[in-house]
Amino acid sequence: MAGQSDHELSLFSAEELEFIAEDEIVDIVPNLKMDPLCLISGDFGPFTPQIVTQVPLWLAIALKKRGKCSICPPQWMTVEKLTQVLEVERDSQEMSEHLPFHYVEISRLLFDHARDNIPDAYMVRSLIEDIRDVRFHKVETDLEGFNGRTIAVKIKNLSAMEVNIVRPFIGRALQAFYKHDSSELIPDPERAPDRRPQVAHNAPRRQLRR
Amino acid sequence: MGSRSAEGEQVPLTDEYDALISTTDVELLKRAWRNEKAAPEILRFESDLIIRVREQIELMEETVEEKSTVGTDPLSVSLYQMDLDRTLFLLRSYLRIRIQKIEKYMFHIRKTEELWNRLSKDEKFFTERCTDDLKKHLEESVLSTLPENYQSYERQSVISEEVDMVPEPRLDTFVLCRSKEYLTGIQLEDGPVDDRSKLFEMEPDVLYFICYKSIKPLVESGKIDLL
Amino acid sequence: MSCSGGCHLMCSPVKILNMYGRKACQLVKEFASGEKGQLTPFNNDLFEQVVSECSQHHLELQSLIRKMQEEGLDVQTARNADHYGALIHLFSIVRNKRCLTAYVYNRAETVRNLLWKIGPVLPKEIEEKLNHWEEEYFKKHSAALKSYMSKALVDLTVDMVPPKDPYIQVRVLEDIREGIVLSDDKNPNFARHSMHFLKRTDAEKYISRGLMEELTG
Chain A
684 MAGQSDHELS LFSAEELEFI AEDEIVDIVP NLKMDPLCLI SGDFGPFTPQ
734 IVTQVPLWLA IALKKRGKCS ICPPQWMTVE KLTQVLEVER DSQEMSEHLP
784 FHYVEISRLL FDHARDNIPD AYMVRSLIED IRDVRFHKVE TDLEGFNGRT
834 IAVKIKNLSA MEVNIVRPFI GRALQAFYKH DSSELIPDPE RAPDRRPQVA
884 HNAPRRQLRR
Chain B
445 MGSRSAEGEQ VPLTDEYDAL ISTTDVELLK RAWRNEKAAP EILRFESDLI
495 IRVREQIELM EETVEEKSTV GTDPLSVSLY QMDLDRTLFL LRSYLRIRIQ
545 KIEKYMFHIR KTEELWNRLS KDEKFFTERC TDDLKKHLEE SVLSTLPENY
595 QSYERQSVIS EEVDMVPEPR LDTFVLCRSK EYLTGIQLED GPVDDRSKLF
645 EMEPDVLYFI CYKSIKPLVE SGKIDLL
Chain C
724 MSCSGGCHLM CSPVKILNMY GRKACQLVKE FASGEKGQLT PFNNDLFEQV
774 VSECSQHHLE LQSLIRKMQE EGLDVQTARN ADHYGALIHL FSIVRNKRCL
824 TAYVYNRAET VRNLLWKIGP VLPKEIEEKL NHWEEEYFKK HSAALKSYMS
874 KALVDLTVDM VPPKDPYIQV RVLEDIREGI VLSDDKNPNF ARHSMHFLKR
924 TDAEKYISRG LMEELTG
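Quick note, the sequences are listed as chains A, B and C, same order.
Residues in the first sequence are numbered consecutively from 684, following our numbering.
Residues in the second sequence are numbered consecutively from 445, following our numbering.
Residues in the third sequence are numbered consecutively from 724, following our numbering.
Extracted from the complex, chain A is given alone in its bound form (with noise of 0.2 Å):
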């Protein structure tokens, strides 16, 4: 290892994961009227009062701030979806697919901007708290699941977050295996070219969920 190890593991900052949160699209409802922006990122309106466009959270977020602009908040977050996600985490070992990859970032940012546009937002923001916590929960009870065999992790619906907080575990501990089994001294015996591919599919990965 020679001390090279220290290729960034946690890659993406918290700041960079809600810079790259802030291109997800949102529905609002402006109370202005305005031309199209034709801006890098894409054209977006015209605006025109109560009538629903789709522009990045980013977006949204600073015509909200403005007071131009009402916030839809994404389908999933409501009280009734997130009880059943809640719900559906905790009855299986999965990780539910109900939840867009940013929905840390992207529920934090309409939290800390549009709060208001958000029904019962107390309730839905401890819901998403709870299911976080779940989810945290399952992604640990996996990992100590890991073991020498292991040489690729498949996740699934795993979110960016949390992508971002199991990866520098993730990524040492597959090193470290990888580093150990691979000075083995193991004899290299005959291939069989038709090796089934059901073996080969199986044995690589160690699912992350069960």
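Don't read these hints as lab results, they were simulated from the structure.
Any given hint might turn out to be false.
Cβ-to-Cβ under 7 Å is the rule here; a few derived chain B residues that face chain C [as the list claims (entries may be wrong)]:
id, residue
1, Glu547
2, Cys574
3, Asp577
4, His581
5, Glu584
6, Thr589
7, Leu590
8, Gln600
9, Ser601
With a Cα cut of at most 35 Å, we get these calculated DSBU-like pairs of lysine-lysine [unchecked claim]:
id, chain 1, residue 1, chain 2, residue 2
10, C, Lys862, B, Lys579
11, C, Lys869, C, Lys852
12, B, Lys565, C, Lys874
13, C, Lys887, B, Lys481
14, A, Lys748, B, Lys511
15, B, Lys660, B, Lys555
16, C, Lys752, B, Lys481
17, C, Lys887, A, Lys747
18, B, Lys580, C, Lys847
19, B, Lys511, C, Lys928
20, B, Lys481, C, Lys874
21, C, Lys847, B, Lys568
Every residue, glycine too, gets a C-beta built ideally from N, C-alpha and C.
Dock chains B and C against chain A, hints included.
The following block gives chains B and C in isolation, referenced to the frame of chain A:
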């Protein structure tokens, strides 16, 4: 990376939404930025893309200037400015990561043709200067004080048969990646001995932690994105 | 160029004062135990000791080879005690060289990172920790980066973090009557409890003095 729309290759896209979002150059730049950030080695410089993004930035700078002087409503000017700031950040961050990778592995990049060819003209010039400076620094501070046979910065001594003192990035690092399409038959060639001939497959839009070496060609061809 | 492999071997707590390679190992350890990104003063004393150890090894190596030659032995193939003695000296030089180079190389990396973190002008207390060559190197590298940036028409020293909305909403906590200077030359009435939409850079000075607070949501 980014080759499909950057070079107009006719690669069928999985769905329309993807086609829509990958058409903006900012989206392509963001992808290049993430890949560059996540890859342990320096990737191919996205020269065409960077030229296009720079043109758009310039155009937008003019637009913002124009709009703010003719007294367009300050709201839309500030929105154009924010859009410009976001793009500028991506561009700077992309170029910065590359420069920092060059700083870290300059000797290795300088002598490895494959990597050298991935640099832009300006980056090549920078690398040359950097390697000269660091080489000189090492020579002045250490190497010149050593006995004659031990004065090379890249070999331990004159009897070293190969370059044995130049740091390289670790390609067996694990990276997080995602494929847009269903990929089968990925050879985990450089994996542990036991799994070397096994085939791996990737489902679309599922994240995988995997050894960079194994998917290196797929990253280079733009089939897999790092994140 | 890092100290790899047998470092621990040499550093085992065996009490032999003049163990070969020990000082070089100390040098590398000194760097490695420092806080990442921070520099300690260049340890010239220890560095010089390792350098002179190398010369000493070299002399002994040469004298062993001469001795073998005088005895009419083929230096390439002979495997007597002198041959192995010579090998030990050779390995010691190589090992010391790696440690010396690792020390300078890794410090050079930290020096380059100072450029990113602090900029081309270092405060005195940091500059003092560099030796003469490092100061030179810092200047040269700084010039190389500057030249790249002017050729590539891009300033890479700004925008280290993603941009935020340049405007923020604030509430005035206490009446501010005097010395209001804003970048847009406006002269708003900062009465207590009033709310304003200001450039972040304008508002920061009032926020830090506790005269305003940033509003979110």
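Now for the hints, and whether the structure bears them out:
1. For glutamate 547 (chain B), the interface hint holds, since its Cβ comes within 7 Å of a Cβ in chain C; the closest pair sits about 6 Å apart.
2. The interface hint given for cysteine 574 (chain B) is met, as the beta carbon of that residue sits about 6 Å from the closest beta carbon of chain C, less than 7 Å.
3. Restraint check, aspartate 577 (chain B) versus chain C: the minimum CB separation of about 5 Å is within 7 Å; hint holds.
4. Hint status for histidine 581 (chain B) relative to chain C: holds, with the closest Cβ pair at about 4 Å, below 7 Å.
5. Proximity of glutamate 584 (chain B) to chain C holds as hinted, the smallest CB-CB distance being about 5 Å (cut-off 7 Å).
6. The beta carbon of threonine 589 (chain B) is positioned within 7 Å of a beta carbon in chain C (closest approach about 5 Å), and the interface hint is therefore held.
7. Using the Cβ-Cβ criterion of 7 Å, the hint placing leucine 590 (chain B) at the interface with chain C is satisfied: the shortest such distance is roughly 6 Å.
8. This hint holds: glutamine 600 (chain B) has a C-beta 5 Å from the nearest C-beta of chain C, less than the 7 Å allowed.
9. Look at serine 601 (chain B): its Cβ gets to within about 6 Å of chain C, closer than 7 Å, so that hint holds up.
10. At most 35 Å may separate the alpha-carbon atoms for a hinted pair to count; lysine 862 (chain C) and lysine 579 (chain B) meet this at roughly 15 Å.
11. Using a Cα cut-off of 35 Å, the hinted pair lysine 869 (chain C) and lysine 852 (chain C) holds, with the two alpha carbons roughly 23 Å apart.
12. A hinted pair counts as satisfied when its Cα atoms are at most 35 Å apart, and lysine 565 (chain B) with lysine 874 (chain C) qualifies at roughly 10 Å.
13. A hinted pair counts as satisfied when its Cα atoms are at most 35 Å apart, and lysine 887 (chain C) with lysine 481 (chain B) qualifies at roughly 21 Å.
14. Restraint check for lysine 748 (chain A) and lysine 511 (chain B): satisfied, since their Cα atoms lie roughly 22 Å apart, inside the 35 Å limit.
15. For the suggested pair lysine 660 (chain B) and lysine 555 (chain B), the alpha carbons sit about 20 Å apart, so the restraint of at most 35 Å is met.
16. Straight-line distance between C-alpha atoms of lysine 752 (chain C) and lysine 481 (chain B) comes to about 30 Å, which keeps the hinted pair within the 35 Å bound.
17. The straight-line distance between the Cα atoms of lysine 887 (chain C) and lysine 747 (chain A) is roughly 14 Å, inside the 35 Å bound, and the hint therefore holds.
18. Restraint check for lysine 580 (chain B) and lysine 847 (chain C): the C-alpha separation of about 25 Å stays at or below 35 Å, so the hint holds.
19. A hinted pair counts as satisfied when its Cα atoms are at most 35 Å apart, and lysine 511 (chain B) with lysine 928 (chain C) qualifies at roughly 29 Å.
20. Pair hint lysine 481 (chain B) plus lysine 874 (chain C) holds up; C-alpha atoms about 23 Å apart against a cutoff of 35 Å.
21. A hinted pair counts as satisfied when its Cα atoms are at most 35 Å apart, and lysine 847 (chain C) with lysine 568 (chain B) qualifies at roughly 33 Å.
Violated hints are absent here; each numbered hint is respected by the structure.
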